[in-house]
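Position chains F and B relative to chain R; hints supplied.
For reference, the chains in residue letters:
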Amino acid sequence: MKLIFEKSIKGREGYSLPHDLFNDIKVEECLPEYAISKDKKVLSEVSEVDVVRHFTKLSKLNYGIDDGLYPLGSCTMKYNPKINEKLASLSNFIYAHPLAPEETVQGCLEIAYDLNKLLCEITGMDEYTMAPAAGAHGELTGILIMRKYFVDRGDIRHKMLIPDSAHGTNPASSAMGGFQVVEVKSNEKGTVDLKKLAELMDEDTVGLMLTNPNTVGLYDEGIEEIERIVHGKGGLLYYDGANLNASLGIIRPGDAGFDVVHLNLHKTFSTPHGGGGPGAGVIGVKKNLIPYLPTPIVAFDSDKKKYYLSDTGEKSIGMVRAFWSNFSVLVKTYVWILSMGPDGLYNTSETSIINANYVLAKLKNYYKPAYDRYCGHECTVTGREYKKYGVKTLDIAKRIMDYGMHPPTIYFPHFEPYAEETIMIEPPESESKEILDNFIDIMINISDEAKTNPELLTTAPHNTPIRRTNDALAIKRAILTYDDELKLKDELKYQEKDIDF
Amino acid sequence: MRYIPTTEEQKKEMLKIIGVSSFEALIESVPKNLRLKDKLNIPKAMSESELEDKIFHIAKKNVDFYSMKPLLGAGAYRHFIPEAVKFLLQREEFWTCYTPYQPELSQGTLQSIFEYQSYISRLTKMEVVIPSIYDGASATAEAALMSLRLTHKNKIIISNLLHPHYKETVKTYLAPHEPEIIDLPYKNGLVDIEKLKTLLDEDVASVIIQNPNFFGGIENMAEISEIVHSKSALLINVIVESMSLGTLKAPGEMEVDIVAGNAQSFGMDLNYGGPYNAYLGTRKQYTRQIPGRIVGETVDVGGKRVFVMTLRAREQDIRRERATSNICTNHNLNVIAANIFLSLMGTEGLYQISLLNTKSAHYLENLLLQTGKFEKAFDCPFYNEFLLKSKEDISTINKKLLENNFIPPLKIGEFYKEENLKNVLLFAVTEVLSRDNLNKVAKILSE
Amino acid sequence: MTNKVIENLYYAKSDEWLKVEDGIGIMGITDYAQDQLGDIVYLEKIEKGKKLKQGETLTTIESVKAVSDVKTPVTGEVTETNVKVIEDASIINKDPYGEGWIAKIKIENNDELKNLMSAQEYSEYRKE
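Protein chains in written order, with this note's numbering: chain R, 1 to 501; chain F, 1001 to 1447; chain B, 2001 to 2128.
The following block holds chain R by itself, in its conformation from the complex:
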C-alpha cells in the first residue's frame, strides 16, 4: 500500500494551532545558536482526512482477535474485554502524571496495591513488582533479583539451568543477567529429565527457569522432585508464567515451591496484544526475596489511611524502567480478574485445557502429536509426515491463511527428537466449540491438499492481501526507512500496481 510519504502534498495540514503562538517572543531569545536546527525536519504533509483513510485502509490489511481465532501456542491470544478498555481510559487515570504528589493519585495507588494482593493470592507468592513492561523484561528483573540474592550472601554462582524446550527469552535473559546458560534435556515424555537435572544442578548454579506446563503444553509431573533437586543445592526456582492459563484455580506456582514468578498480563490476563505490546511482565517473589525487588513498591499506611510509594531499600536491584509501571495495563488486568472471580478463573483454565485436548484428539490422526499424552492448555503436533509430499510445516501454516484464519505457532519449540516441524496450538477459553471445529476442518482439508495438490500449499497463501515475502532480499538490501528506498529508486523500479493496492 502507498506510504504516507507518497500521499504527501505540500501545504496540506493535519493539525491545528492555537491563535496565540507567542509571536512576541523570538526563537533566538530562547534557543542558542549551537542548538537550533537550520531547516525544518521534513516529515509529511497530509490532511486529517488523508490520515484517517490511510490508517483505516492499513488496518484492513491486518487480522485481529475480533476477527477470529489466533491459535498461537504460548501466546494465549484471548478475547480482550471492552469494559477493560473503558475503565483504563478514565480521564483521572490517563492524565495522571507519574510524579504528581501522592495525595493526588490515591486511586492509581489503590489499584496497584489491590492488584498486588490479588496476584499474590492467585499465584501463591508474597509480593509483586509491577515495574516490568513485558515477559522478557520480567525475566531479566527476576534473574537480577536472583543474582543479587546470591551476591548478598557472598555466594557467587555462574550458571542458570534452562530446559531445551524453553522460550528463547529465557536463555537471552539469563545471558543479560550475566549467567552461563546450561541446557537441560527433556525426556521421552516431553518433560524435564530428572536424572540429567540432578547431574547438572550444583552449587555454582543459580537455579532453574521452568515454564509449567512447558512449551509443548505438558504439565511436568516431576515438579516436586525438581523443587527438591534445585533447592537441595541452595538454588532458586524461577517460574515463567507464559502458560499460566492452564493453572488458574488448579495449582499455584508459589505452592509448588517457585521463588520467583513472572506473569504475562497481555497473555493470561486478557490485556490486548497491540501488534506486539504494550503488555506487562510483573514479577512475584517469596518473602525472602522482597528486599531485592526493584524500587519502589506500593504500600499502605494504615494510620494515615493513605497509599504511598515505598522504597524497597538498599538491597534493591535498582530500577528496570522509569516511573512505576505500565499502569493502564494494570487497570485492565484488575478489571478482568474482578470480572472473572474465583469461578471464572477456574473455568478459564478448565475450558482452555478441554479445548486443547479436544483439538488434539481430533487432529491426531492427521498430524502426529509430538507426545502421546493429554496436554495442558496447548497441544503440539507435527507436520512431519507431509514432508514426503514436498510440503513443509511452513507451507501448511501459509495455507491456513487462505481459509481466513491465523496459523498456529510453527517451528517452536524445537528440540530433537520429538519436537520437530512442530505446530503448537493454543485455543484459549474464549474460543467456542464451533470455531474449534472450523479450525479442525481446515486442518483436515489441508492434510488432504498436501497429498493431492502439494503445490497449492507450497505457493500459499493466495487469498491474503499480499503473498509470500522474500525475506532474504529484505536482509540483503536492508531498506529500513523511506529514505533508504529513495536512494535505490532507480534499482527498484516499482510499478503503480506494486505499491498501490
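Calculated from the structure, these hints are not laboratory results. All C-beta atoms in this analysis are idealised placements derived from N, C-alpha and C, irrespective of residue type, glycine included. Misleading hints may appear alongside valid ones.
Claimed, not checked - Not the full set, but computed from the structure, chain F residues with beta-carbon under 8 Å of chain B:
no.	residue
1	A1313
2	I1318
3	R1319
Unchecked claim - Restricting the straight-line Cα-Cα distance to at most 25 Å, the calculated cross-link-like pairs of lysine-lysine (BS3-like) are:
no.	chain 1	residue 1	chain 2	residue 2
4	R	K476	F	K1012
5	B	K2051	B	K2084
6	R	K38	F	K1012
7	F	K1012	R	K433
Said to hold, decoys possible - Here are a few chain B residues that sit away from chain R, every Cβ distance over 10 Å (derived from the structure):
no.	residue
8	K2013
9	L2018
10	D2039
11	K2051
12	L2052
13	D2069
14	T2079
15	K2104
16	I2107
17	E2124
Relative to the frame of chain R, chains F and B by itself:
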C-alpha cells in the same frame, strides 16, 4: 461467563470425544498434594455495571487530572493529542492483533512501523532506527550494553544530568557486566566539559548525555561529540522530550553514535507513568548489534512492495543466549500511536508546536523572575524546562498551585541533594498551557 | 531435503566437509547443512592466523530464520578465508562444495582425519 462461550453441555460432549469421563483425567499429571483445595480467596465475579461503579469510585480518589494544568515534566509531558489518533488506534485490527510474524496478515502493522522508523530517522538524522524498546530508561540501558559490545571496552561515563530513573536503570542493567561507571558532574546547569576531557581515556566505551538534560538545559552536543570521539568512545544521546526534535538540531548532524529517545510526547497519554515507548537510532555500520525488532522493505512473489520484520537472527528466538537483547514483546501499539500523531502533525505542525513549547516556557520563566520571588538556579539555555530557586518555601508554593488546579513543578531536591538545589523547582511548560494559564501562575506566586 | 555428497571428501558430524590438498584442508558446509539453514545471508568474518582445535567454533553462519556455528573439522591454523562468501553468503547455498568454500586450514595432525566420515558414511548419517 460472557467471555467463555463453551457451555457445560458442550464440555461434556468434548470430554467424550477426547475419551475421558471427567476433566480430572486431563490434569492427572498435576501433583494432587499441590493442588488448590479451595477456591481462590478473591472477590466473587462482579457484573459489568458493578465494576464500572467500583472503578469510577476509585478513580475519584485521584484529582481531576484532565482539568489540572501541569507545570511538571521531568520525563513525562502532557501534550495535546488529536482525537484522530485514539480513534484510529482503537480499530481492533491495530489494538488486538498479534506480533506481525506472519507478514501476509500484518501489513497494516508492518507498514506503520516502517513509516515510523522513517519519521524518526528524519527527526534524528540517524540512519537506522529501532522503533520500540519499552521506555527511555530501558532504551538507554540497551544503548549502554550495545556500546560495550561494539567497543569491547568496559568503562562508561554517565552525565549526572541524565534523568535519575534512567541512570538507575542503566546501573541495574549493567550490574552483571561489572563495568566501571564514572559520574560526569555538571557545571552551571550543563555537563562539565572540562571535567569530561579529564575523565575520558582509551578505555571508555561510551559517554551518555541527555539533551535537553534533566534540568532542562541544552547541551552543546557538537562540542561534546568531538571530545568523545577524540578518544574513540561512542556518544549516546538520550532524548527525554522528543518534542524538542521539532526545533533542535538533529543528533545525527552532531555525529552522535546512538540515540535513545523517549517517544511519549508523540501521541501517548501520561497514564501514571506508562506504557510509553522509546526508539533507538544508530549508524548503519552498527546494525548487527542493535537490540529489538526492526521492519524492512522487500517484495512478495507477486512483485508487490511489502514490509517484513527483518534482521531477525539477532533476536532471542533465533540467537537465544547470544541475542543482542532478550526483548520480545515491546510497546508496538504506541509505535502506531506515534506514527499517526506524526502523520497528523507533519513537517509544519511538529515545528510549530515544538516552537510554541519553548516560547511559552521562556515566557513563564520571565514572568516568574519578574515577580522578584525567584531567581535562576543556573544561567544556561533551556528548551521547555527550567530551574528556579525560590525565596519562599517551595512546599507552600506547590500547595498554592495545587489548590489553584495546577500540577506543581518538581522539587529538584527530591533527586539532587546538593545544598544549592534546596528550595529549587523544575518547571515544565507545554502547549497545553495558554498565556492566561501562565499569567495566572505568575499571579498566584507573586502574592 | 537435499543431501548431496562428493566423493573423496571428509565429513564431520556437525555437517562440515574437508578436502585435503598438500597438508592444507579446505572446508565448507555440506549440501544438507545449507538446505537446513535456508537462505544464507551472512557469514561472520574469520581472522587469518586463528588457531583452533578439531571441533571448535570457526565462525557463525546466519540464514533468514536460523543461526549456526561452523566447526573446524581439523586442528590447525587458518591460512586463508573466502572473501567471496563474506561479500555474498548466498554462494554457499548455490555451490556449497565449490565456490562456497569457507576457509583453508593448515592441518596439524593427519591422524585426526580418522575421526571424520567418508562420503558414504555421511550420506547414511544424514539420510531422511
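Structure-based check of all given hints:
For F:A1313, the shortest C-beta to C-beta distance to chain B is roughly 4 Å, which falls under 8 Å, so the interface hint holds. Nearest Cβ of chain B to the Cβ of F:I1318: about 6 Å, under the 8 Å cut. The hint holds. Hint status for F:R1319 relative to chain B: holds, with the closest Cβ pair at about 5 Å, below 8 Å. Of the supplied pair hints, the one linking R:K476 and F:K1012 is violated, its CA atoms being roughly 54 Å apart against a limit of 25 Å.
Among the hinted pairs, B:K2051 with B:K2084 is consistent with the structure: their alpha-carbon atoms are about 22 Å apart, no more than 25 Å. Taken as a hint, the R:K38 and F:K1012 pair is broken in the structure, with Cα atoms around 72 Å apart against an allowance of 25 Å. Taking the CA atoms of F:K1012 and R:K433, the gap is about 12 Å. The hint holds against a cut of 25 Å. Every beta carbon of chain R lies more than 10 Å from that of B:K2013, the smallest distance being close to 14 Å; the non-interface claim holds.
Interface exclusion of B:L2018 from chain R stands, the closest Cβ pair being 25 Å apart, more than 10 Å. Residue-level check failed: B:D2039 sits 4 Å from the nearest beta carbon of chain R, not beyond 10 Å. The Cβ of B:K2051 sits about 24 Å from the closest Cβ of chain R, beyond the 10 Å cut-off, so the non-interface label holds. Distance to chain R confirms B:L2052 as a non-interface residue, since its nearest Cβ pair spans about 21 Å, more than 10 Å.
For B:D2069, the requirement that its beta carbon stay farther than 10 Å from each beta carbon of chain R is met, with the minimum near 14 Å. Here B:T2079 stays apart from chain R, with its beta-carbon at least about 29 Å from theirs, past the 10 Å limit. Interface exclusion of B:K2104 from chain R stands, the closest Cβ pair being 26 Å apart, more than 10 Å. Distance check on B:I2107: its Cβ is at least 31 Å (rounded) from any Cβ of chain R, clearing the 10 Å threshold; non-interface status holds.
Chain R leaves B:E2124 outside its interface by the beta-carbon criterion, the shortest separation being 18 Å against a cut-off of 10 Å.
In summary, the structure is inconsistent with hints 4, 6 and 10 from the numbered list given earlier, while agreeing with the others.
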